[in-house]
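Participant: One letter stands for each residue in the lines below.
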Amino acid sequence: DAGVIQSPRHEVTEMGQEVTLRCKPISGHNSLFWYRQTMMRGLELLIYFNNNVPIDDSGMPEDRFSAKMPNASFSTLKIQPSEPRDSAVYFCASSLSFTNTDTQYFGPGTRLTVL
Amino acid sequence: QKEVEQNSGPLSVPEGAIASLNCTYSDRGSQSFFWYRQYSGKSPELIMFIYSNGDKEDGRFTAQLNKASQYVSLLIRDSQPSDSATYLCAVINTGTASKLTFGTGTRLQVTL
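As they're listed, the protein sequences go chains S and L.
Per the numbering used here, residue 98 is the first one in the first sequence, and the count goes up by one each step.
Per the numbering used here, residue 17 is the first one in the second sequence, and the count goes up by one each step.
In short, the hints are calculated from the structure, not lab data.
A portion of the hints provided could be inaccurate.
Covered stretches of chain S (chain L as the covering partner; in silico rule of three or more C-beta atoms under 8 Å from a C-beta of chain L) [claimed, not checked]:
hint, segment
1, 132-145
2, 199-207
Taking lysine-lysine pairs in the DSS-like style, the calculated list, with each CA pair at most 27 Å apart, reads [to be verified]:
hint, chain 1, residue 1, chain 2, residue 2
3, S, K165, S, K175
4, L, K115, L, K72
5, S, K165, L, K115
6, L, K115, S, K175
7, S, K175, S, K121
8, L, K83, S, K121
9, L, K115, L, K58
10, L, K115, L, K83
11, S, K121, L, K115
12, S, K165, L, K72
13, L, K83, L, K72
14, L, K58, S, K175
15, S, K165, S, K121
Cβ atoms here follow ideal geometry from the backbone N, Cα and C, with glycine treated the same way.
I would like the entire structure built from these sequences, with the hints used as guidance.
Facilitator: If you want it as structure tokens, here you go:
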């Protein structure tokens, strides 16, 4: 079985540009999570979905960030406009369901650099 | 105060020794606790989880939970160089279903 798939793996862009990160969760998983990891702040949850519905977006840093999950097999995280402080590794994770016992499986991440 | 605290390390242990990694959390009502391992440049992967007070063993790994003292630890027996990685403690806080809050991780170095 394929794991969580993310694209692109690396993204270098200039300040002010729009960035779109993509995620395909594990087939059959109903919950999807977007995280951001930096040296300073560690791994932070940005937003999560259950059955394609956003449940909690309190971790989204500001209005420049938005996320969608149009169907069970695809999600996007968009940053518009991007800023240098958005540089980080962005992980997508999925789990079977929305309970406190389900394992979250992480994708390989997208390393974003904003110049 | 951070919700989940870990010593950033590095924690250096010789090969074959026991590595002890600690984590404290602030939400007394937290129910679920997870240990993830992250190799440099890779994504986190789950090692084990624990829900009840006491010890839980899985191979060379033992998770220990003490809810009264609000700490959870991970012991790695017979440490191997391949165990060198960052270990992330994660907690599900009260009423947040599957929302994980991570510590910043402890870097473990197993020396030959």
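Participant: Determine for every hint whether it applies to the structure shown.
Facilitator: Checked hints:
1. 132-145: Holds: 6 residues of the segment 132-145 of chain S have a Cβ under 8 Å from chain L.
2. 199-207: Contact hint for the segment 199-207 of chain S vs chain L: holds, 8 residues under 8 Å.
3. S:K165 / S:K175: Within the cut-off at roughly 9 Å; holds.
4. L:K115 / L:K72: Holds: K115 (chain L) and K72 (chain L) sit about 22 Å apart, inside 27 Å.
5. S:K165 / L:K115: OK: K165 (chain S) and K115 (chain L) at ~18 Å, within 27 Å.
6. L:K115 / S:K175: With a Cα-Cα distance of about 21 Å, the restraint between K115 (chain L) and K175 (chain S) holds, given a limit of 27 Å.
7. S:K175 / S:K121: 15 Å, holds
8. L:K83 / S:K121: Distance of about 36 Å is beyond 27 Å: violated.
9. L:K115 / L:K58: Distance ~21 Å between K115 (chain L) and K58 (chain L) Cα, so the pair holds.
10. L:K115 / L:K83: 19 Å, holds
11. S:K121 / L:K115: Roughly 19 Å separates the two Cα atoms, so the pair holds.
12. S:K165 / L:K72: Outside the cut-off at roughly 38 Å; violated.
13. L:K83 / L:K72: Holds. K83 (chain L) to K72 (chain L) sits at ~14 Å (cutoff 27 Å).
14. L:K58 / S:K175: Holds, because 22 Å separates the two Cα atoms, which is no more than 27 Å.
15. S:K165 / S:K121: Holds: K165 (chain S) and K121 (chain S) sit about 12 Å apart, inside 27 Å.
In terms of the numbered hints stated before, the structure departs from hints 8 and 12, listed from lowest to highest.
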